[in-house]
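All chains, full assembly: derive it from the sequences and hints.
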Amino acid sequence: GQSLEQPSEVTAVEGAIVQINCTYQTSGFYGLSWYQQHDGGAPTFLSYNALDGLEETGRFSSFLSRSDSYGYLLLQELQMKDSASYFCAVRVGRGSTLGRLYFGRGTQLTVWP
Amino acid sequence: DAGITQSPRYKITETGRQVTLMCHQTWSHSYMFWYRQDLGHGLRLIYYSAAADITDKGEVPDGYVVSRSKTENFPLTLESATRSQTSVYFCASSEARGSGTGELFFGEGSRLTVL
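Order-wise, the sequence lines are chains A and B.
Note that the numbering used here numbers the first sequence so that position 101 is 101, with each residue one more than the last.
Convert by adding 113 to the 1-based position in the second sequence; the result is the number in the numbering used here.
None of these hints come from the bench; they were simulated from the model.
Warning: the hint list may mix true and false statements.
[Unchecked claim] Across the chosen pairs, the derived CB separations fall in these ranges:
no., chain 1, residue 1, chain 2, residue 2, range
1, B, 129, A, 54, 47 to 55 Å
2, B, 121, A, 76, 36 to 44 Å
3, B, 170, A, 29, 40 to 48 Å
4, B, 226, A, 8, 21 to 29 Å
Idealized CB from N, CA, C, for every residue including glycine.
Next up, the structure:
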């Protein structure tokens, strides 16, 4: 089976930097994804790491260490609109069966003015 | 319009009734998924499909049935609804090529209440 651990909630103020950690245990690991979900909305894709290292997309960065089964999402210059739930998800599969995503329980980020 | 749509968006039913949630995507993505979302549990995979006529169980398949006779449709049926199946159900699709990000595109969700 799959197991993902991430903090249940994080708070920060506008302009600050927040890191949301994710540790996982799974077989057939292929990559780690991050999704954002605002209240009442659908999850939307933020980033994906298949290889070790840092991926940067604007104010958001994501990191993966395959040897440590660990990743994080880094949010910089926080804005009020970043208040949302953030989910890490492991992509598993092999070859043509690639594509299943298993999600963590989510981290509720609250950004205060 | 292109995209992924779910229907109904809201449904109230009674214990023991059969309910079908519909999902339709216009991208011709090969992979489709059904997740349920409950407080404290995040998103849990119910069933997924790699292509038409190919489906497989996820983490929580009990009490659910799926079919995929056409690439664009992936209905989820609760054959005899129970109160524990009260949840928000999300359908998603993906190209899921090995070289890509495997990004999932989600529908807006179907909120199901079983009384």
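Going through the hints against the structure:
1. 129/B with 54/A: 47 to 55 Å: This hint holds: roughly 52 Å between Cβ atoms.
2. 121/B with 76/A: 36 to 44 Å: Holds, since residue 121/B and residue 76/A (Cβ atoms, about 40 Å apart) stay within the stated range.
3. 170/B with 29/A: 40 to 48 Å: Between residue 170/B and residue 29/A, where Cβ atoms are some 19 Å apart, the hint is violated.
4. 226/B with 8/A: 21 to 29 Å: Given a distance of about 25 Å, which is inside 21 to 29 Å, the answer is holds.
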